[in-house]
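Based on the hints, put chain B in the right spot on chain A.
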Amino acid sequence: MGEPRITASVLKVLAGLLAEPGAQRYGLELMQDTGLPSGTLYPILARLERAGWVESRWEQIDPAAEGRPNRRYYLLTADGAVAARREVALMRQQMSRAAGPLGEAREA
Amino acid sequence: MGVVDRVARAAVLAAARRWPDDLAPLMREEWLAELASITGRRRAARKLAFAGSLAVSPAVDEPSWRDRSVIVGRGAAVAAGVTLLAAVATNLARGSEALAPAMLLLGVAALTLIGRRVRASIVPVAAALFAFLFAGNPVPMMPFMGAADIAPAVITWAVGIALALRWAASTGRRWVAVAGSAVALHLATAAGSAHAAAVLGVPAWTAPAWFPLALLPGDTVSFGPHFGDGAAAFGGLQASGPAFHASEILLANAAVSAGPMLLCTAFLLAPALRRPAAAVHSTRKLTHAPTGAVASIATKHTGAPRAADKLAARTRGAATLTAGARGAAAPEARASKAATLAARMSGAVTLIARMSGAATLAARTSRAATLIARTSRAATLTARTSRAATLAARTSRAATLAARMSGAVAAATARLGVGGRRVGAGLAAALGALAVAPALPVAGRDADAVLPKLLDNSAAFGFGFVEHPVGLGAVALLAAILAMRAVEARLPHGKDPHSEAPT
Chain A
1071 MGEPRITASV
1081 LKVLAGLLAE
1091 PGAQRYGLEL
1101 MQDTGLPSGT
1111 LYPILARLER
1121 AGWVESRWEQ
1131 IDPAAEGRPN
1141 RRYYLLTADG
1151 AVAARREVAL
1161 MRQQMSRAAG
1171 PLGEAREA
Chain B
174 MGVVDRVARA
184 AVLAAARRWP
194 DDLAPLMREE
204 WLAELASITG
214 RRRAARKLAF
224 AGSLAVSPAV
234 DEPSWRDRSV
244 IVGRGAAVAA
254 GVTLLAAVAT
264 NLARGSEALA
274 PAMLLLGVAA
284 LTLIGRRVRA
294 SIVPVAAALF
304 AFLFAGNPVP
314 MMPFMGAADI
324 APAVITWAVG
334 IALALRWAAS
344 TGRRWVAVAG
354 SAVALHLATA
364 AGSAHAAAVL
374 GVPAWTAPAW
384 FPLALLPGDT
394 VSFGPHFGDG
404 AAAFGGLQAS
414 GPAFHASEIL
424 LANAAVSAGP
434 MLLCTAFLLA
444 PALRRPAAAV
454 HSTRKLTHAP
464 TGAVASIATK
474 HTGAPRAADK
484 LAARTRGAAT
494 LTAGARGAAA
504 PEARASKAAT
514 LAARMSGAVT
524 LIARMSGAAT
534 LAARTSRAAT
544 LIARTSRAAT
554 LTARTSRAAT
564 LAARTSRAAT
574 LAARMSGAVA
584 AATARLGVGG
594 RRVGAGLAAA
604 LGALAVAPAL
614 PVAGRDADAV
624 LPKLLDNSAA
634 FGFGFVEHPV
644 GLGAVALLAA
654 ILAMRAVEAR
664 LPHGKDPHSE
674 APT
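Quick note, the sequences are listed as chains A and B, same order. Reading the first sequence from the start, the letters are residues 1071 to 1178 in the numbering used here. Reading the second sequence from the start, the letters are residues 174 to 676 in the numbering used here.
Treat each hint with caution, since some may be false.
Covered by chain B, per the in silico footprint, the following chain A stretches (three or more residues, Cβ under 8 Å) [said to hold, decoys possible]: (1) 1091 to 1103; (2) 1106 to 1112; (3) 1136 to 1144.
These aren't lab readings, by the way, just hints derived from the structure by calculation. No residue lacks a Cβ here, since even glycine has one placed at the ideal position from N, Cα and C.
For reference, chain A alone in the conformation it holds in the complex (with noise of 0.2 Å):
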């Protein structure tokens, strides 16, 4: 199990994530945290789940009385949320550096 390659859209995903890291989060509410469309919101969360980063779960309902089908929910694991804290926290390394001076007083 490799890692997977970080890009922006990745880490907008891992960022959604790990606002609640242990809440169980549908593709949906991922499409409307992240702003990513369902073509590239879902190949993201199967290659996060083949490295393990990420588990997914059938919601336990009962389908007649809720008249929906079980929905499918994703958090994430423990070794993939200390893999997006890195990740992130460089990433944000990385951009205070590229934004500099005037970045770092916009921040503050």
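Same frame as chain A, now just chain B:
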């Protein structure tokens, strides 16, 4: 279920089918569940956006659109380059008149060699061929080179080559690819010339001969109606010249597409002709040859004991005769027999003496032959040594020169860097294309001058687009792209960053 739900569901199902087998059922169920959970305002638009994005986006293991565009762009550049090269070679061959078939064969060999190193698929080559044939005739000088003539030819050719290659791949027989492609070229030429044949009144049963005759110089074979007054109309232009047959106009038109199609076929077939079957076949040949040689040597060696057996048999006969002569002393009747036996003995002795002489002579001859062979080998060895010494001296000089040059080139390229080398190669290629392209043979604009060239099947065609600044710029850009790609491919660690799988 409304129309929107049906459309969205169909798009999601289609998208899921493109995913890997282990994920496809999971993704299908997940997406259908998400679709069902989309409610509230603008739900129709949101459902369509959700499903549409999945339908048009690459699956998890598929290349991204960016990578696909890079792949398609490279394929298109190679296809355009190969088509232009095939067209240049065809025009040069047609300009050489009587040498045209030999020049075309050289072109076939060259495009085959290129095809072994560079790959392109059939569709972009066919598209480039169509574009070239269509754009290469700015003045309607060729009477039957419209889209209605070119499109059937190129489509038939592309389909035929694709079928031939697929058939060859499924059967593992290389000759199927060659034979199928030959059939495709015939059919494509016939399809591209059907309109001309109908207008000119050339009988359809001559169609199988159009492709080979189109590659030959004019006046090889003439058929169809005879135009005695030598008047012809090319688009809006009128021309007059010597009397001609309809076949000469038909074949001149067919040749324009037949030549480039032949050369592009050689390029596309080249990878299929390098099957492992070729290696197996040559291995078989190699294993058969030594077996034959050994058998031949063995036969020669078995001949020697046979001769020895014959000699021994005759010697044994002489000894028997000698023993018989011992008992021939007393009776008179036996005297005659003894004389006969003595005569026979004498003959046997003579035979033995002759055989001995022959054997001595043979031995001497053999020794002389061995000596001559050794002398010859020594002479050959001396000559080889001399050549090797000359070659070594030349190699040494060349190596020294190469070392000096490579040192200079390495120093220059090190200063330039990878990007600089690519840009330099691209710039040089573009400037070269700008200089060479206007000199390429183009179709003439004078109808009276073109008619005789049509009749002797030597009319140049295409490259009319380089007379326009946009066309010339496109050729220069293409040359630059191909040169930069070639430099990139030759870099030791020149792995293309775009080739990595996207995340």
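Worksheet item: Are there at least three residues in the region 1091 to 1103 of chain A whose beta carbon sits under 8 Å from a beta carbon of chain B?
Response: The restraint on the region 1091 to 1103 of chain A holds, since 4 of its residues have a Cβ under 8 Å from chain B and three suffice.
Worksheet item: Within the assertion that chain B covers the region 1136 to 1144 of chain A, do at least three residues meet a Cβ-to-Cβ distance smaller than 8 Å?
Response: holds (count 5)
Worksheet item: the region 1106 to 1112 of chain A covered by chain B? Criterion: 3 or more residues, Cβ-Cβ distance below 8 Å.
Response: That given contact holds, which follows from 5 residues of the region 1106 to 1112 of chain A lying within Cβ reach (below 8 Å) of chain B.
In the structure shown, no violation is registered for any of the earlier numbered hints.
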